[in-house]
Amino acid sequence: MILDSLTVEPAALEARTGWAIKPQGACKGEVCVPLPDGTSASGAVDVQMLADRLGMPLVRDDAHDIWALGPDTGVTGRALTTAVAPELVLPDLRTDKAFSLSSLRGQKVLLVAWASW
Amino acid sequence: MWQDLRAEVKPKGLEIVTVALDVNVEDARPFVKAANAEHPSLIDQAHVTDELFGFINVPNGVWIDEAGMIVRPAEAAFPGRSPISEQFDAIDLSTLPENLRDLLGEVKKIETDPEGYKVAIMDWVEHGADSKFALSPDEVIARSDPRTMDVATAAAEFELAQHLQRAGEPDAAIPHFKEAHRLQPDNWTYKRQAWHLVAPGSQEANEVYDSCWIADVKAIGAENYYPPFVP
Chain X
157 MILDSLTVEP AALEARTGWA IKPQGACKGE VCVPLPDGTS ASGAVDVQML ADRLGMPLVR
217 DDAHDIWALG PDTGVTGRAL TTAVAPELVL PDLRTDKAFS LSSLRGQKVL LVAWASW
Chain V
4 MWQDLRAEVK PKGLEIVTVA LDVNVEDARP FVKAANAEHP SLIDQAHVTD ELFGFINVPN
64 GVWIDEAGMI VRPAEAAFPG RSPISEQFDA IDLSTLPENL RDLLGEVKKI ETDPEGYKVA
124 IMDWVEHGAD SKFALSPDEV IARSDPRTMD VATAAAEFEL AQHLQRAGEP DAAIPHFKEA
184 HRLQPDNWTY KRQAWHLVAP GSQEANEVYD SCWIADVKAI GAENYYPPFV P
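Chains X and V are the protein sequences, given in the same order.
Everything in the first sequence is counted per this note's numbering, starting at 157 for the first residue and increasing by one.
Everything in the second sequence is counted per this note's numbering, starting at 4 for the first residue and increasing by one.
Chain V extracted, bound-state conformation (with noise of 0.2 Å):
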């Protein structure tokens, strides 16, 4: 998903760092493997980065300057347009059964910029310091999200539940990510690593979670999902 804008850009001086957030690292593995990827793909079973970037969402991403510094905070990240996008918003989904009509329906009210996203990107490599959305420390740190006790909290219950379900105690972790969960119900990626450790691929309620993406996503209306880009 990121090789093609890493082609165009690594020549510029912009490398791409890909970390899969994923408690089993086989899961993400053969993702990597298909994209034939040439940049750094991490792999973060602990969702480290969650806590060190403030990532709360997939894709999210930051950047970082030549000296260290981040230049933008946790926000969606966008490759630009794909051929997948294309393929997807021309899905009839009157010829989709219900449960997948109803799924698809909100993933296409979801809002994305990845045109505006890419020419940010481009723009930086560019003019570096003196683009416009590279962002100064102050602002960096003003934009990140709120971190209250709450949301510090739940990334400390996350760690607790993906180190024994790490450690091959998966009913041990239950109540730590709803925990982590019920503290920080925007963090996506806290509940969806969770609702697919007992139920892969599926996005519906299940014996162990009340909560769902479907049911999660009509309550904060889809077009939150992602918040908008602000330059």
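Pulled out of the complex, with its shape left as it was, chain X reads as follows (with noise of 0.2 Å):
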């Protein structure tokens, strides 16, 4: 996820990471890791402080001042940490509108990465 400053809001960051700040702690699927005292959903949450619990590596361009926060090591330590399919909202080519995963709910997906190149 690419940041500005290392403070992050919470909506910004289920969107692109699939972590929901709940109040039991930083949730995906069924699994929630306990963060700080304090932190809620309703503020900006400190971008270090999760990436310390959840094992997310942080890494800085220096001539653009941004960061980039990847994703979580520390709770499976594989490529997935739940078997619950996150929510997926990308444009579609055919229509150059937004279409979310979660809307096909209901039926079988088989999701296929293709590339030109």
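In case anyone wonders, no lab produced these hints; they're calculated from the structure.
Keep in mind that the hints are not guaranteed to be accurate.
[Unchecked claim] If the Cβ cut is set under 10 Å, some of the chain X residues that face chain V in the computed set are:
no., residue
1, K178
2, T232
3, R261
No residue lacks a Cβ here, since even glycine has one placed at the ideal position from N, Cα and C.
Two chains, each in its own frame: build the complex with the hints.
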């Protein structure tokens, strides 16, 4: 996730990473990692604290004064932290409108990555 | 490529969603248009699905059930055997120029099982959670690739790279692409994307990247390019 400061709004964090800030901590699917008292969904979250708790790398480009917060390593140590599919919202090239993966709930889905290159 | 399979499985309750891992939208759009795709055909410029689902190569797929649970993690995915593969198998390499012969010689060594993958999909379509190919949540997580701090840092480096590339600063993106390649050398989407941005269509080394598809594939052995399908 690209950041221009070391705080992040919970809604933006959840939309990009799938991690939601809840009373019990940072949660993804059935997994919740406790966060320090005072962390809540109603205010900006300290990114360095989150990175430490979840084992996320934080990489900086000094010249452009931006950060990238990478995915968690501290829960399962695998590419998937949970088998609950994350929400995915991306533009559909047929319509140029946003498409939500969750709109297909109730059907089986084969999600396939390809590329032009 | 996926449209024919989609026509077969959609009436039975399986939707196909394709995601193009392309920093440049216009690189992917003509393919979607030409395919006349009826299924959602998404564009993922930042390769967020690499991070969210564990894609490391193309084509890679994940299976998601009716309740939104992943029942197979990222793996090589094929829509069955296609006429293109028949045509490709029929090419006589000895008739080709040397550089093309070398490249296609490696491509021919890549091992895939498109028929087996399609059999698995059709079994899941028919039997759902009772299919032997549908895995439990614990198996799904355990079978997803290991994510070390190096792998996670590669994702962050790639994200900086694509962000700078799309912001019109390709020179600033290159060191971050290179760092992503160093940290996760088996992520072909990071490599092939970056190579394509400086030398579209080329699979050979250039003045920016000393790594390239043909050399890197030879180094790992083309037969290891896609891990085998494990039922």
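Exercise. Looking back at the numbered hints, which does the structure fail to meet, lowest number first?
Worked result: 1
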